[in-house]
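Could you slot chain B onto chain A? The hints should help.
Number of protein chains: 2
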Amino acid sequence: MANITKKVSWSSRADESGAAGEGTPLLNGSEQPRHSRQPSEGGSLCQIGRLSTVDLEEEITSDEESQRGRPKEIPHNEKLLSLKYESLDYDNIENQLFLEEERKMSYMGFRCLEISRWVVCGLIGFLTGLIACFIDIVVEQLAGIKYQVVKENIEKFTEVGGLSISLLLWAVLNSAIVMLGAIIVAFFEPIAAGSGIPQIKCYLNGIKIPRVVRLKTLVVKVGGVICSVVGGLAVGKVKTLISENRTCITFIFEYFRRDTEKRDFVSAGAAAGVSAAFGAPVGGVLFSLEEGASFWNQMLTWRIFFASMISTFTLNFFLSIYHNKPGELSNPGLINFGRFQGDSVAYNLYEIPLFIAMGAIGGLLGALFNVLNYWLTIFRIRYVHRPCLQVMEAMLVAAVTATVSFTMIYFSNDCQPLGPEHTEEYPLQLFCADGEYNSMATAFFNTPERSVRSLFHNQPGTYNPLTLGLFTLTYFFLACWTYGLAVSAGVFIPSLLIGAAWGRLCGILLATITPDGSIWADPGKYALIGAAAQLGGIVRMTLSLTVIMVEATGNVTYGLPIMLVLMTAKIVGDYFVEGLYDIHIKLQSVPFLHWEAPATSHWLTAREVMSSPVTCLNRIEKVGTIVDTLSNTSTNHNGFPVVVKVSGSDEPPKLCGLILRSQLIVLLKHKVFVELARSRLTQRKLQLKDFRDAYPRFPPIQSIHVSQDERECMMDLTEFMNATPYTVPQETSLPRVFKLFRALGLRHLVVVDDENRVVGLVTRKDLARYHLGKHGLEELQLAQT
Amino acid sequence: MANITKKVSWSSRADESGAAGEGTPLLNGSEQPRHSRQPSEGGSLCQIGRLSTVDLEEEITSDEESQRGRPKEIPHNEKLLSLKYESLDYDNIENQLFLEEERKMSYMGFRCLEISRWVVCGLIGFLTGLIACFIDIVVEQLAGIKYQVVKENIEKFTEVGGLSISLLLWAVLNSAIVMLGAIIVAFFEPIAAGSGIPQIKCYLNGIKIPRVVRLKTLVVKVGGVICSVVGGLAVGKVKTLISENRTCITFIFEYFRRDTEKRDFVSAGAAAGVSAAFGAPVGGVLFSLEEGASFWNQMLTWRIFFASMISTFTLNFFLSIYHNKPGELSNPGLINFGRFQGDSVAYNLYEIPLFIAMGAIGGLLGALFNVLNYWLTIFRIRYVHRPCLQVMEAMLVAAVTATVSFTMIYFSNDCQPLGPEHTEEYPLQLFCADGEYNSMATAFFNTPERSVRSLFHNQPGTYNPLTLGLFTLTYFFLACWTYGLAVSAGVFIPSLLIGAAWGRLCGILLATITPDGSIWADPGKYALIGAAAQLGGIVRMTLSLTVIMVEATGNVTYGLPIMLVLMTAKIVGDYFVEGLYDIHIKLQSVPFLHWEAPATSHWLTAREVMSSPVTCLNRIEKVGTIVDTLSNTSTNHNGFPVVVKVSGSDEPPKLCGLILRSQLIVLLKHKVFVELARSRLTQRKLQLKDFRDAYPRFPPIQSIHVSQDERECMMDLTEFMNATPYTVPQETSLPRVFKLFRALGLRHLVVVDDENRVVGLVTRKDLARYHLGKHGLEELQLAQT
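Sequences listed follow chains A and B, in order. Residue numbering for the first sequence follows full-length UniProt numbering, starting at 1 and increasing by one per position. Residue numbering for the second sequence follows full-length UniProt numbering, starting at 1 and increasing by one per position.
If you're looking for bench data, these hints aren't it; they were derived computationally from the structure. Just so we're clear, the structure is a prediction, and the values are computed from it rather than from any experiment. We treat Cβ as the ideally placed atom computed from N, Cα and C, and that holds for glycine. Heads up, a few of these hints could be off.
Unchecked claim - These stretches of chain A come out as covered by chain B in the derived footprint (C-beta under 8 Å, 3 or more residues):
hint : region
1    : 90 to 103
2    : 301 to 312
3    : 595 to 601
4    : 720 to 728
5    : 739 to 745
6    : 753 to 763
To be verified - Residues of chain B clear of chain A, computed beta-carbon distances all greater than 10 Å:
hint : residue
7    : 393
8    : 714
9    : 716
Bound conformation, chain A alone (with noise of 0.2 Å):
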């Protein structure tokens, strides 16, 4: 039991950088200060300084030691908030710096800026693509190279006998090479693991999750697709490239070295990896938009779009170099579902209620895939978090899918002519006639993306249902199994292959149950509804989904019945359990603000919600109280009110702005000291530069030393601290402040009196804290784990 805290691997490793939390003190909840509109007690909660944290840290004492005293018994479940993840500062701090820079600009100033963050999206887009290029090559060549050495084997011992040398050299190889794939990602960067879309959907929300997009994530996370595909694991090659290109460019411009604009690239990226991988750009823009951007920005969204394009069309260029058609631009994505083209595409309205039908069974099928995986996650997190154990797996799961794989070929007696049109390329022909191929073969040997296109495709009787009823529940089991290991792999494809296989199934029933069957010549179109509805009811994506299926498929026609289909799937599935990816995100305490406030959330207010008292600090500050604040670990405080005294008035002060610890630090760095003492001012000039060159690795205020005379000077933080932070009063309620959060991507939002005094701080966890459970409206419990 002592493992229960651990968790799954992208979170595993807190964030060197350090601070957490968002000023919230850990006696959040625990007394919420009474509200009063008498200046005197409101002003009260609104501490200064040095003697705020002395207080916290006295009356947290207890609370903290109960803690400490049983670190490992804090169990884990979906009721805890984790206070390790910071938000992104999606607001512009507007400190009187950053006002100067920005006037100073001119007009043509500004167009070379816009130009200049085209030309970064446009460079992301390029090089989204040409990765996508290399993976795309690279793991079709030593695909190859695997299935022909394991083709020529087991031929060679077909005849003879002894087909359990062939099994074990198709383990083996599989084993070899997800184990190569997983000690990557287990030792080098856990947070390569999965498919990224979790991540991703984080980032995007405005968390900052620690190291995902740094170059050294995105070079292990190729790595671990390419070993995990070519490893014959359950996974597809997709979305796992989507994010982690854009750092290295976004700070070759160095104004662009701010949350906002980051977060701006991030999502040119993930709709341009989309985009790349299902050659769907207007799926990529709206999947980024689906799950990121909490407002909508025209110019924006251009550029994402922009982005988009161009990754697609990056992709097509290489790889129809790569294919020897060069300048043949048409191809589509990564993905190819091959297209759906002529008689077949049309559609009947009585063919509607069974699409729908199959939409609910999709959602039923995923739904059952996501508890048991949920089941397998906490398992894992567990017993199964240490890396050498994390490889383990991982090869384990190879050998088992590689011998099930095999089992399932060799006792299939589904034989199929190897007509002139055959599209496998490697067919097995093992027990058949010549001329002919082993069909289960074509799902199991092959990479997951081509079983799926030759299910869609391929002529009606090239499978019989057996087969597929086979291939269905194995591989839905073996996908189950496979996605969380510590290896970089998605969902996505085996979705669609589990889908399209039982899609395809009830298409060939229906078609020997009614009379005439012609008209449902095409079980390739039941094949896609079924990949849809099984997706739509793991992810429980819709609007980007239907878009991203009808442009990987080349055809609109398809749009209302896949939206149909995955708007049932994801009804009957949301009945059940979450979606995969939020039930990753909620295993791992994330802190994730979803759309809007839960329903019933009206009759909570600010005052309720806020983290209160707060530490706040005065506009002229002692440098050792802020090097006190900063360092007491207790809180980790990451924004700090800046309030100021009328003069010669006892009244208690009043709000002023907002700095940042990140501020804070750079200002210590820099000793930007006022020595009172001397009575002169030898406050440093500093430049927003000096704040930018810091980005984002503010050092840890431990590594920053103030001798004891520095800690007697006065610091003036009026330049420095945004002098117009968001503020509501005490009585706005939940989902107004919700809203107000939500709306301009903030990170701290302080809560005044009528008075304009600081009496609360409402930041991501104390929002996130209230969601909607079962039984009405549930607080979670926040945890520094």
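Just chain B, lined up with the frame of chain A:
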């Protein structure tokens, strides 16, 4: 010159419901009060009730007089901003009544609400589809009859001579039909004129365009569209139906009686309209988002998508019945461009520069079109403003169009063989040999939509270059003349037709100048690119237009070229002049808010931007004061900050809420007074229902009789005011104010000093005033036109 101030028809009648201006005093901008942190000065900015309005009236007298003295002499230009347009309240009025209702509501209640929203969206989609279907069928039938009559007539007279009789018949027929359409539009509902897109753009932007969402407008519009298309004007039948049919539905559900919900449903309606018109559900959603939503809400987007899908589906379903293929749902939308399939869809890398060049041409031609139409519109505003003149102009255009078409056909000798696969429904033989038909007639003697299709898909060689060149030239000017007439008609299809014509011309020319003509085999491809370029050059949409084109042509391959073309066309066109819709919006002096604040506006702060002084009300206010404030026609404020004095202190009062004119009117109407004189509370308990019943046509203040006794009563606003209005400090920069305002869809934003006292009010007009002109930041004048 007396009519210079007259507006074009869709805004020429002021909204009967009266009050305009969002609390913007007439003195706006003339004298900004000096800012100070001292309470004595700051407090004086907020004047209470009657006192303030009297002051104001006195102050403005001279200003007003000068306006009254020479109202005719205000030159009509784009440097004006009209005060007559109101804003929508996208922000919920969170007063006590509202919160009580929300708090009483159970989780199931919210679910039901959500479900009914879906139902409404479904109904919107269904009705939109139905109306689209109705228009399509009626247009097809009537146009069929007309063309048949004219064709027979022409054939009769071709042999015997006397074709001038045919011309006369054609011209008279057209004029008569157009007259009918123009009469209903000009006399009954001027707002139904034009394409409807500028109006919807404004509405979605948050501006209350009077009567744009009423049933009468819808009926007139449908009639008008049918008449103009059948009348043979250079117009398209799309886009005009996009928005009007939801008011009636919305009001079934009482809860939805607020601007927030209404605007959401209008978004859905707009999307459904585009979706039905082009068979482009995704394009419809993107259109609605690109033009409207300033934020992105997942659930809302899904609902919009749902409405789009249902609309396309309904249209397809009923059209399939009409075409005797019931249940065949794979038909595309109303505008069927035909599908690009097979080999013709491929394009090569070296064609990309050609496409981009065509985009540039499209941008140039589009800019020319817009400039011409701009001058024409100015001319119309000055001289053609009386309904009968408008009808006459429309008839003139119809007659000229018929004459020009006839002349072109008459003098054309482009005879083409009447092959078995010809698709023209009304081939005109004229002077061609038997078995041939006049190719020029295909383009002119047809509904524009059919002409586009034939330009896209007819075999190479169907048109000769001279025909296309002449056609482009004449149609360009005809379409330019037609747009802005007092008929319901859009610019979409004519633009596409012009573009398709010169695009096909480009394709043919390219095929002739290159030695190996085989790769240029398909001029239809170039027609498509040309159509996109021309349309992009005129309307300057990019993202949604790309998707619409892709969906309308049923092929995603052209995504990248179309996008590049649209972007080029936009960049080139923007260099010269704005998009057509933006020009028309500007000519209306509508306070349209763009996506972002002007780039160089960082030096402006809320203090400079805000209107001040502000008319404030006390929390418990004298009825007489309220009546006087509301009756003050010179200010016509719509929102009033509510302030409260700290009892027993002489400090200036502090902000405690915000109340709207419409709320005050309902309160007055229901006589919610506290008769302090009798020292008992007789304040009637009002329900939220009372406010909803009054929505959206609140009576003007003049219609409410308040006796002298009642004037002495007090009114307690506590329950009804929004107790937590959004506020900003005075130092907030314009971009920050803009962002907050736009992201939350605000109508009033209160500016407070650091003691929480009201110093100003920012409304839509204050923000829309600043815009980026050729010479940097410009400030528009506000005028009560």
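Which hint numbers does the structure go against, in order from smallest to largest? none
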